[in-house]
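Trainee: Respectively, the protein sequence lines represent chains A and B. Residue 221 in numbering that gives the first Met the number 0 is what sits at position 222 of the first sequence, and the numbering runs on without skipping anything. Residue 379 in numbering that gives the first Met the number 0 is what sits at position 380 of the second sequence, and the numbering runs on without skipping anything.
No lab work stands behind these hints, which were simulated from the structure alone. Using N, Cα and C, we set each Cβ at its ideal position, and we do this for glycine too. Honestly, I wouldn't trust all of these hints.
Said to hold, decoys possible - Where chain A lies over chain B, by a calculated footprint (3+ residues, C-beta under 8 Å):
(1) 28-34
(2) 51-60
(3) 200-210
To be verified - With a Cα cut of at most 20 Å, we get these calculated EDC-like pairs of lysine to aspartate or glutamate:
(4) A/LYS103 with B/ASP27
(5) A/LYS107 with B/ASP27
(6) A/LYS105 with B/ASP27
(7) A/LYS103 with B/ASP52
(8) A/LYS185 with A/GLU314
(9) B/LYS250 with B/GLU195
(10) A/LYS103 with B/GLU54
(11) A/LYS103 with B/ASP210
(12) B/LYS294 with B/ASP277
(13) B/LYS194 with B/GLU8
(14) A/LYS184 with A/ASP124
(15) A/LYS174 with A/GLU302
(16) A/LYS267 with A/GLU320
(17) A/LYS105 with B/GLU195
(18) A/LYS98 with B/ASP56
(19) A/LYS105 with B/GLU191
(20) A/LYS98 with B/ASP27
(21) B/LYS294 with B/GLU379
(22) A/LYS107 with B/ASP210
(23) A/LYS105 with B/ASP56
(24) A/LYS105 with B/GLU54
(25) A/LYS98 with B/ASP210
(26) A/LYS98 with B/GLU54
(27) A/LYS103 with B/ASP56
(28) A/LYS103 with B/GLU195
(29) B/LYS294 with B/GLU280
(30) B/LYS306 with B/ASP397
(31) A/LYS105 with B/ASP210
(32) A/LYS107 with B/ASP56
(33) A/LYS103 with B/GLU191
Stated by the list, open to error - Restraint-style ranges between C-beta atoms, simulated for each label pair:
(34) A/GLU292 with B/GLY343: 50 to 60 Å
(35) B/GLU236 with A/LYS15: 58 to 68 Å
(36) B/LEU227 with A/ASP154: 22 to 32 Å
(37) B/GLU96 with A/PRO242: 31 to 41 Å
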Amino acid sequence: MVEKEREERAYKTIIKTIKDAPLEEFYTSGHRTCQGCESALLMRFLAKSAGPRTIVIGATGCMYVANTTYYTTSWVVPWVHTQLGGSGAAALGTAAALKALMRKGKIKQEPINVIAFCGDLGCADMGLSGVSNAMTYDYNLLIILYDNESSANTDIQETSMTPYGAQTTFSRPGKVRRIMKRRWKKSVVPMIIAGHRTIKYAATMNPAYPLDGLNKIRKALEIGGPTFIHSLDPCPKGWDYDPQFSHELGVLAVETGIWPLYEYIEGKIVYDEPTKSIVEGRTKRKPVREFLEKQGRFSHFTEEDVEYFQRMVDEMYEDWEIPGVMPIKSLNVKIDDN
Amino acid sequence: MTETRKLIEKEVLMNGTQAVAHAAMYADVDVVTAYPIRPYTEVMDTISKLIADGELDAEFVIAEGEHGQFEAVKHASLVGARTLVGSSGTGWMYGMEAIVVTATDRAPVVAIIGNRALDDPGAYGVEHNDALMVRDVGWLLVWVDTAQEAFDTTLIAYRVGEDPRVLLPVGVSMDGGFLTHAEQIVRLPPKELAKEFLPPYNRGKYMVHPDNPISVAPQVNEDWVMELRRQHDEAMERARNVIVEAYDNFKKVFGRYPGTTKEIELPENPFVEPFMTDDAEVILVGMGTVSKPMKVAIKKMRQEGYKAGMLRLRWFRPFPTQDVMKYLGNTRVVCVVDRDYSIGSPNRGGAVYQEIRSALYDLDQRPKVLGFIGGLGGREVTIQDVEKIIKIGYEHRDTPITKPVYWAGVRGDPW
Numbered sequence: 000m001v002e003k004e005r006e007e008r009a010y011k012t013i014i015k016t017i018k019d020a021p022l023e024e025f026y027t028s029g030h031r032t033c034q035g036c037e038s039a040l041l042m043r044f045l046a047k048s049a050g051p052r053t054i055v056i057g058a059t060g061c062m063y064v065a066n067t068t069y070y071t072t073s074w075v076v077p078w079v080h081t082q083l084g085g086s087g088a089a090a091l092g093t094a095a096a097l098k099a100l101m102r103k104g105k106i107k108q109e110p111i112n113v114i115a116f117c118g119d120l121g122c123a124d125m126g127l128s129g130v131s132n133a134m135t136y137d138y139n140l141l142i143i144l145y146d147n148e149s150s151a152n153t154d155i156q157e158t159s160m161t162p163y164g165a166q167t168t169f170s171r172p173g174k175v176r177r178i179m180k181r182r183w184k185k186s187v188v189p190m191i192i193a194g195h196r197t198i199k200y201a202a203t204m205n206p207a208y209p210l211d212g213l214n215k216i217r218k219a220l221e222i223g224g225p226t227f228i229h230s231l232d233p234c235p236k237g238w239d240y241d242p243q244f245s246h247e248l249g250v251l252a253v254e255t256g257i258w259p260l261y262e263y264i265e266g267k268i269v270y271d272e273p274t275k276s277i278v279e280g281r282t283k284r285k286p287v288r289e290f291l292e293k294q295g296r297f298s299h300f301t302e303e304d305v306e307y308f309q310r311m312v313d314e315m316y317e318d319w320e321i322p323g324v325m326p327i328k329s330l331n332v333k334i335d336d337n
Numbered sequence: 000m001t002e003t004r005k006l007i008e009k010e011v012l013m014n015g016t017q018a019v020a021h022a023a024m025y026a027d028v029d030v031v032t033a034y035p036i037r038p039y040t041e042v043m044d045t046i047s048k049l050i051a052d053g054e055l056d057a058e059f060v061i062a063e064g065e066h067g068q069f070e071a072v073k074h075a076s077l078v079g080a081r082t083l084v085g086s087s088g089t090g091w092m093y094g095m096e097a098i099v100v101t102a103t104d105r106a107p108v109v110a111i112i113g114n115r116a117l118d119d120p121g122a123y124g125v126e127h128n129d130a131l132m133v134r135d136v137g138w139l140l141v142w143v144d145t146a147q148e149a150f151d152t153t154l155i156a157y158r159v160g161e162d163p164r165v166l167l168p169v170g171v172s173m174d175g176g177f178l179t180h181a182e183q184i185v186r187l188p189p190k191e192l193a194k195e196f197l198p199p200y201n202r203g204k205y206m207v208h209p210d211n212p213i214s215v216a217p218q219v220n221e222d223w224v225m226e227l228r229r230q231h232d233e234a235m236e237r238a239r240n241v242i243v244e245a246y247d248n249f250k251k252v253f254g255r256y257p258g259t260t261k262e263i264e265l266p267e268n269p270f271v272e273p274f275m276t277d278d279a280e281v282i283l284v285g286m287g288t289v290s291k292p293m294k295v296a297i298k299k300m301r302q303e304g305y306k307a308g309m310l311r312l313r314w315f316r317p318f319p320t321q322d323v324m325k326y327l328g329n330t331r332v333v334c335v336v337d338r339d340y341s342i343g344s345p346n347r348g349g350a351v352y353q354e355i356r357s358a359l360y361d362l363d364q365r366p367k368v369l370g371f372i373g374g375l376g377g378r379e380v381t382i383q384d385v386e387k388i389i390k391i392g393y394e395h396r397d398t399p400i401t402k403p404v405y406w407a408g409v410r411g412d413p414w
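Only chain A is shown next, with the shape it has when bound in the complex (with noise of 0.2 Å):
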């Protein structure tokens, strides 16, 4: 019964057009981030989702050194900066001493947002093991990885986010080796939602779809718990591209089916147009040369590069026991995909 009024008030909450989303900004002038940059924006939705009784935890990335440069930081809301790797911990600890601190009567009894964010390493890669732990705790904590597909405040580094034969400065191709990011980069929402049981909320995202994404952040909030949004964000530095080109990149990444948009809800698999479209066959997907040959780092990519992320791609919904999801297959059992 307590599931089901919680579900409705979620839904209640949800932002039906883009006109009705609140006015006022949490996240407002004052940040230095490029021209184009979609992480940006989502730092803008997720402080405007979220409203004024938050507290925003930033992991050391290329948000990190954007927005808050002292005299300019660009945040209404209070914000805590953590090291590279300590999102998932410094989430759970500020969860937990609200917790603390409100049952012992030591501040006012109120429900606090608590929002930590952080990018490809400080979610990925270093930071993996502390967002996992978080994930296993009933705190009331949003983790969002915000994916630019590099350490972009560092001159483009790969990372496990890359994706596969992307030039970054760690994988420059070569006379020899045309492909240096050999490696595909890992799902991280399957990851999570798949170790941790405690999880009730968990979805996908991208800047290009404003609705979508700010609700998504609410219904995480509102659902509570822990809970983990992942969202795409095209780069103009990073990719290589002319920053006017932000939004379409983010649109065709997942007209193309490389970044499918999809909820995870108490267990369920939902998925959010275009994807969905996609997902039930009313819609074709576009060819990933659409997506790759706007952007520089890609470049270098032959034919035969393309049809082989092309085979990747198909594979995601072709094979896949959730398409785009679940990179498994199981073979004797069939799941029914409600």
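Following the hints, put chain B in place on chain A, whose structure we already have.
Mentor: Same frame as chain A, but now just chain B:
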């Protein structure tokens, strides 16, 4: 008044780690984060039981490693919670990044450090190098000698660290094995007295809360780092007076001097424990439980005509420069026994040796300073070792120093 208070004190047999855990319970900590490593772990074992038994109301978070453990308490402390954390040896090293920013973010967490050797080779005996890794980054550091002192000093650590004039983390260090696991009688005062002694933690305008929307640790580069480091240093300096106040107040509230079970043990000095120093020609200097063989050897050697004494350092940061000058300034030879090493340092001596020599440098009449590295990795510093150290010191009363640093008791080295 003292009499009535003594009546309600409880005498309990417990080891050093359990004493710290009980002090944290008396301090009513809000958040505790744990990750296991010997020999500090029993602090958390005890805390877990105290919470399970309903004697302590706190959030008990098991971290995924020491980095997370220290990161979590740092943030808990920034939102206004009183916290307990701790580690040993390589675990303390693993958390080092978070440990450093705990100090620079001015989060007054209290950490118990069960001193342990650094790997490799795997060893869990005492060595002070682990705690000394933070000597330069703005942690207050105190070494305790008995379980009673561990209990009392932990209460003092909260009071000093959380003082608005200080706001710095405190490392309560104790010798692994010799103190973490040695049971002694501890006098537990009534809880009301602890409340009287320890005010609630109040971060004031630095508290992270939606009502106080501040940005903590924004990036500053060359614009402000100099000023921040200076403020940090000044806070450490202010801690000196706060420590003295805390010890005085402890005595008033509990009716006894911290670290002792006696009513008042003279002479009183929060920073150092002098022992037979008044007429001593050779004074031994050490930290932690090495004081035990030292005291026995000194008493024995005095009967043989050697005028020896001891100065045990309690607080290592802030370093008690004035007290070191006062107690060591009139002696002939100072023999520093380091349970640590600083490989490649001046004279190849230990860290305490370097600090003592540096503190004495400004005196017009300086005593000679000899360094002894001993008891590494949990090896015992025996009474015989100390006797030998006193004899070596005595030989140097009138002769110049040819060998400034000895390794006390290394196989195959006739020191």
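Trainee: So, for every hint listed, does it hold in this structure?
Mentor: Hint check results:
Counting residues of the segment 28-34 of chain B whose CB falls under 8 Å from any CB of chain A gives 3; the rule of at least 3 is met. With a cut-off of 8 Å between beta carbons, the segment 51-60 of chain B has 4 residues touching chain A; three or more are needed, and the interface restraint holds. For the segment 200-210 of chain B, the assignment as covered by chain A holds, since 3 residues bring a beta-carbon within under 8 Å of that chain's beta-carbons and 3 suffice. Pair hint A/LYS103 plus B/ASP27 holds up; C-alpha atoms about 10 Å apart against a cutoff of 20 Å.
For the proposed pair A/LYS107 and B/ASP27, the alpha carbon gap of about 18 Å is at most 20 Å, so the pair holds. For the hint linking A/LYS105 to B/ASP27, the alpha-carbon distance of about 12 Å falls within 20 Å, and the restraint holds. With a C-alpha separation of about 17 Å, the suggested pairing of A/LYS103 with B/ASP52 holds against the 20 Å cut-off. For the given pair, A/LYS185 sits about 15 Å from A/GLU314 by alpha-carbon distance, which is consistent with the 20 Å threshold.
Of the supplied pair hints, the one linking B/LYS250 and B/GLU195 holds, its CA atoms being roughly 12 Å apart against a limit of 20 Å. Between A/LYS103 and B/GLU54 the alpha-carbon distance is near 14 Å, which keeps this suggested pair within the 20 Å criterion. As the CA atoms of A/LYS103 and B/ASP210 are separated by approximately 19 Å, the hinted pair is consistent with the 20 Å bound. Proposed proximity of B/LYS294 and B/ASP277 is supported: the alpha carbons are some 15 Å apart, at most 20 Å.
This hinted pair checks out: B/LYS194 and B/GLU8 have alpha carbons roughly 15 Å apart, not beyond 20 Å. Taking the CA atoms of A/LYS184 and A/ASP124, the gap is near 12 Å; set against the 20 Å cutoff, the hint holds. Taking the CA atoms of A/LYS174 and A/GLU302, the gap is about 18 Å. The hint holds against a cut of 20 Å. Between A/LYS267 and A/GLU320 the CA atoms are separated by roughly 13 Å; this keeps the pair inside 20 Å, and the hint holds.
The straight-line distance between the Cα atoms of A/LYS105 and B/GLU195 is roughly 18 Å, inside the 20 Å bound, and the hint therefore holds. Distance hint between A/LYS98 and B/ASP56 is fulfilled; the C-alpha atoms sit about 11 Å from each other, no more than 20 Å. Under the criterion of a C-alpha separation no larger than 20 Å, the hint pairing A/LYS105 with B/GLU191 is consistent with the structure, at around 18 Å. Restraint check for A/LYS98 and B/ASP27: the C-alpha separation of about 15 Å stays at or below 20 Å, so the hint holds.
With a CA separation close to 15 Å, the supplied pair B/LYS294 and B/GLU379 stays within the 20 Å bound. A threshold of 20 Å between alpha carbons decides the hint, and for A/LYS107 with B/ASP210 the separation of about 11 Å falls inside it, so the pair holds. Restraint check for A/LYS105 and B/ASP56: satisfied, since their Cα atoms lie roughly 12 Å apart, inside the 20 Å limit. Pair hint A/LYS105 plus B/GLU54 holds up; C-alpha atoms about 18 Å apart against a cutoff of 20 Å.
Proposed proximity of A/LYS98 and B/ASP210 is supported: the alpha carbons are some 16 Å apart, at most 20 Å. Straight-line distance between C-alpha atoms of A/LYS98 and B/GLU54 comes to about 18 Å, which keeps the hinted pair within the 20 Å bound. Of the pairs offered as hints, the one joining A/LYS103 and B/ASP56 holds, with about 8 Å between alpha carbons and a cut-off of 20 Å not exceeded. For the hint linking A/LYS103 to B/GLU195, the alpha-carbon distance of about 19 Å falls within 20 Å, and the restraint holds.
At most 20 Å may separate the alpha-carbon atoms for a hinted pair to count; B/LYS294 and B/GLU280 meet this at roughly 15 Å. A distance of roughly 15 Å separates the Cα atoms of B/LYS306 and B/ASP397; the hinted pair therefore holds under the 20 Å criterion. This hinted pair checks out: A/LYS105 and B/ASP210 have alpha carbons roughly 14 Å apart, not beyond 20 Å. Our distance criterion of 20 Å between C-alpha atoms is met by A/LYS107 and B/ASP56, whose separation comes to about 17 Å.
For a cut-off of 20 Å, the pair hint linking A/LYS103 to B/GLU191 stands: about 17 Å separates their Cα positions. Between A/GLU292 and B/GLY343 the Cβ separation comes to about 57 Å, which falls inside the hinted range of 50 to 60 Å. The hinted window of 58 to 68 Å between B/GLU236 and A/LYS15 holds, with their beta carbons roughly 59 Å apart. Distance hint check: the CB atoms of B/LEU227 and A/ASP154 are about 27 Å apart, consistent with the given range 22 to 32 Å.
As the Cβ distance of B/GLU96 to A/PRO242 is approximately 34 Å, the hint placing it in 31 to 41 Å holds.
In the structure shown, no violation is registered for any of the earlier numbered hints.
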